Amino acid sequence: MRFAPLMLVLVIGATLAIAVAGMPAFGSSDAPAYTHVVPRYLENCVEETGVGNIVTAIVVYYRGYDTFGEITVIFTAGIAVIALLGRE
Amino acid sequence: MIPAEFEFLLRHYNYWTSVILVVIGLYTMIVKKNLIKKFMGLNIVDTATFLFYISMGDVEWGVAPIVVHGEHAAEHAVYINPLPSVLILTAIVVALSTTALALTLAIKIYEKYGTLNSERILELM
Amino acid sequence: MPELFEDVIVRTIARLMTPFIQLFALYVLMHGHATPGGGFQAGVIIAASFILVAIALGLEEAKDRVKQKVRLPMESFGPLNFVVVGVVCMICGGYYLQYTIVPLLPSLQAVGAVLISAVEVGIGVTVMAMVTTIFFSMAGGKHDTS
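In order, the protein sequence lines correspond to chains A, B and C. Numbering-wise (my numbering), the first sequence opens with residue 8 and increments by one. Numbering-wise (my numbering), the second sequence opens with residue 555 and increments by one. Numbering-wise (my numbering), the third sequence opens with residue 197 and increments by one.
The hints are simulated quantities; they were obtained by calculation from the structure and are not laboratory data. Nothing here was measured: the structure is a model prediction, and the numbers come from that model. Among the clues, some could well be false.
[Claimed, not checked] Each pair of labels, with its calculated beta carbon distance range:
id, chain 1, residue 1, chain 2, residue 2, range
1, B, Gly616, A, Thr83, 27 to 37 Å
2, B, Lys662, C, Ser303, 46 to 56 Å
3, C, Met213, B, Ala558, 45 to 55 Å
4, A, Gly29, C, Pro215, 50 to 60 Å
5, C, Lys263, B, Val632, 46 to 56 Å
For every residue, glycine included, the Cβ atom is placed at its ideal position computed from N, Cα and C.
Next up, chain A with everything else stripped away, as it sits in the complex (with noise of 0.2 Å):
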């Protein structure tokens, strides 16, 4: 009974192992997600936007739309709360 989902759940896992050996090293610096558009932000970041911490300045600034979006999310996950337990 339970050695169908086990089986489907290695065979899942053994394709993800695959698929992850093709990763670049654990703290390789010449990953292609750290040498395309990285190298603009931490350049040109404190100039364009004022603010010393990248993360900050990514998150509210170069990728504004996307935190509204989430703090959209938020707020829709709350009032959903709400309507389906009322408030307290």
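Given the structure of chain A, go ahead and fit chains B and C onto it with the hints provided.
Relative to the frame of chain A, chains B and C by itself:
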């Protein structure tokens, strides 16, 4: 001296950890009948995804991506990749929202059927 | 809600720690542009302090500290603040959320830092109010769970 195959395993150990966590979470979601345990499996899969992204952004000897001016400024500092941190900040908020909504629905299901066993709920429906 | 945890050590420590947790959250919020932190983290820390009060001192005490009529406007403050800042940027001739276009202060960097902090404060307020409300709704004890 470490053999080459073993060194290959060592250099990807963060990814293997994520894969193991995904497998554990998926198995929990499929096999367990209790809805709360299913949500726990969902959260384990979420956490595996966060770990995968955050460890992908790490750089050896890198520091947190905060630019400091003045005398405390680090000369030629290597910053880690800030983009995965930003994406995972979004993902954490979405995971929080989905968990809150799922637990709310579990409360309503328990009020209606008196059980959280998914097979029992299917019988009662 | 289960029975209160009637232990003098737990109650005293919870009552003592709460202001410091909230002070730390304000630090995380206001230094989000120079140290690790930001609106989401600060909001969740403040909400955690209220959840600590609710667990250690009782739900009524926590509801007394952050009342519903205070939380009600705070919940919708964040998205509204975001929209207002974005539209102000558009009125000043830039794109939506292009903070540095606003002619508020002489230097471009100062304007960016001030407006980014303003948006972060809005985010923190909304996250704090929403997480607290979700917890209070779930722990409300109004549901028939028998």
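Consistency of the hints with the structure:
Range check, Gly616/B to Thr83/A: about 36 Å between beta-carbon atoms, so the 27 to 37 Å window is met. Distance hint check: the CB atoms of Lys662/B and Ser303/C are about 53 Å apart, consistent with the given range 46 to 56 Å. With their beta carbons about 52 Å apart, Met213/C and Ala558/B fall inside the hinted range of 45 to 55 Å. Checking the proposed 50 to 60 Å range against Gly29/A and Pro215/C shows it holds: the Cβ atoms sit about 51 Å from each other.
For the pair Lys263/C and Val632/B, the beta carbons lie near 49 Å from each other, so the given range of 46 to 56 Å is met.
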